[in-house]
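So the sequences go chain by chain: A and B. All letters in the first sequence, in the order written, are residues 1 to 204 by the UniProt record's numbering. All letters in the second sequence, in the order written, are residues 1 to 204 by the UniProt record's numbering.
Treat the hints with care, since some could be wrong.
Here are the computed distance ranges between Cβ atoms for each label pair [what the hints assert, rightly or not]:
| no. | chain 1 | residue 1 | chain 2 | residue 2 | range |
| --- | --- | --- | --- | --- | --- |
| 1 | A | 40 | B | 90 | 41 to 49 Å |
| 2 | A | 102 | B | 94 | 27 to 35 Å |
| 3 | B | 186 | A | 124 | 24 to 32 Å |
| 4 | A | 177 | B | 178 | 43 to 51 Å |
| 5 | B | 109 | A | 146 | 35 to 43 Å |
| 6 | B | 24 | A | 149 | 51 to 59 Å |
| 7 | A | 41 | B | 64 | 25 to 33 Å |
Here are some, though not all, of the chain B residues that point toward chain A, as calculated from beta-carbon distances under 10 Å [unchecked claim]:
| no. | residue |
| --- | --- |
| 8 | 159 |
| 9 | 161 |
| 10 | 203 |
The hints are simulated quantities; they were obtained by calculation from the structure and are not laboratory data. Only a predicted model underlies this, so the values are computations on that prediction, with no experimental measurement involved. Every residue, glycine too, gets a C-beta built ideally from N, C-alpha and C.
There are 2 protein chains.
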Amino acid sequence: MSEPEPPSAPRRRGRRTGGEDTKAALLTAAREVFVERGYEHATVRAIASRAGVDAAMVNHWFGGKEGLFAKAVLQVPFDPSAIIARLIDGPADALGERVVRTFLSVWDATDGGQFSALVRSVTSHDGVATALREFFVNTLIGRVLAAIDADHRELRATLIATQIFGMGIVRYVVRFEPFASIDAETLVRAIAPNLQRYLTGDLG
Amino acid sequence: MSEPEPPSAPRRRGRRTGGEDTKAALLTAAREVFVERGYEHATVRAIASRAGVDAAMVNHWFGGKEGLFAKAVLQVPFDPSAIIARLIDGPADALGERVVRTFLSVWDATDGGQFSALVRSVTSHDGVATALREFFVNTLIGRVLAAIDADHRELRATLIATQIFGMGIVRYVVRFEPFASIDAETLVRAIAPNLQRYLTGDLG
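Looking at chain A on its own, in the form it has when it is part of the complex (with noise of 0.2 Å):
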């Protein structure tokens, strides 16, 4: 920065341009809208609004508002329509184990730094925890369930977030060994079966 601000400046001093502040301006807005408002609630033209960004910027840098609550709030950089268009394409019956392998390989990128923090933010705001909710059982996996018309949808998709979850709390928050060591083909091996019960199964 070239000139440095007063602590107390404002962050909105009209429409912005582009670069890395205006991206950062973006990412706290929508944090702000997504826990005021939920996901659903929440819509691009608030968010870019607030940051003083014209809305078209959201799509160009984030691939609209699921990528924008991607990156902003769970603080992981992917495009669930792309994830979600990876799980949908192939077999059924090994849709569980796509679905482990796919939270394995975007959480050990970074060791789970961004589970950790999330889950932070999640036991300190009750706006993440329902923001959440409608992104993991609304879209991310509701949209999965839907392309393979399961009954009991957000049912399932609750037993999931359970089992996806917990994984991500032993393997990088609480670091029991030796799950937070082992290597991820294992994981998916032991634990995909049940996944795929919760996602095509009789519950019982």
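Fit chain B to the given chain A structure using the hints.
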């Protein structure tokens, strides 16, 4: 209290004789020692000494080290030995069902309040995670797995931790619906077969 203490009064002034104040001092000392030394290296003698209490009182009030850990760190007033005995007592192929029902009933009794507190303390103190691993993996689930002569006990115990912790996170921390409000027996039916696989099934 008849005499107010100055705020910085030392807490350890020789052997205590009884009452709520003494119990509170024991719980504080227990938390400190478990976090500093882990579950296995913490001794009842060291905890009692730090609190200025006779070690025999730990057994009298909390049923020994396990019960003290449950009350001080897990903040659940249950007797782990009794729980283990109850889990082991019954057919091995319904063990998953007993484990899920036991955790849900202990947590549901206080709307998961202690589980939320545990998650917060785990994310902020490394020592809590270490003590929790030793207690959960080696003592609680480890003894259940030993009773059924399971192979790969440490891996199984950590897989079980993913499902149990994930269940707690989704029901009591992020409170995803319908999972957070649904009756416990529906969850027992949905989750028990998955837990049973981690206890006795082929891990791939």
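Tested hints:
1. Between residue 40 of chain A and residue 90 of chain B the beta carbons are some 45 Å apart, a value that agrees with the proposed interval 41 to 49 Å.
2. Checking the proposed 27 to 35 Å range against residue 102 of chain A and residue 94 of chain B shows it holds: the Cβ atoms sit about 33 Å from each other.
3. One distance hint, 24 to 32 Å for the beta-carbon pair residue 186 of chain B and residue 124 of chain A, holds here, with the actual separation near 30 Å.
4. Between residue 177 of chain A and residue 178 of chain B the CB atoms are about 34 Å apart, so this pair departs from the stated range of 43 to 51 Å.
5. Under the hint 35 to 43 Å, the C-beta atoms of residue 109 of chain B and residue 146 of chain A, about 36 Å apart, fit the expected range.
6. About 56 Å separates the C-beta atoms of residue 24 of chain B and residue 149 of chain A, a value consistent with the hinted range of 51 to 59 Å.
7. Here the CB-CB span from residue 41 of chain A to residue 64 of chain B is close to 52 Å, at odds with the stated 25 to 33 Å.
8. Satisfaction of the interface hint for residue 159 of chain B is found here, the shortest Cβ-Cβ separation to chain A being roughly 6 Å, below the 10 Å cut-off.
9. The beta carbon of residue 161 of chain B comes within 5 Å of a beta carbon in chain A, closer than 10 Å, and the hint placing it at the interface holds.
10. A hinted interface residue such as residue 203 of chain B counts as satisfied when its beta carbon comes closer than 10 Å to some beta carbon of chain A; here the least separation is about 5 Å, so the hint holds.
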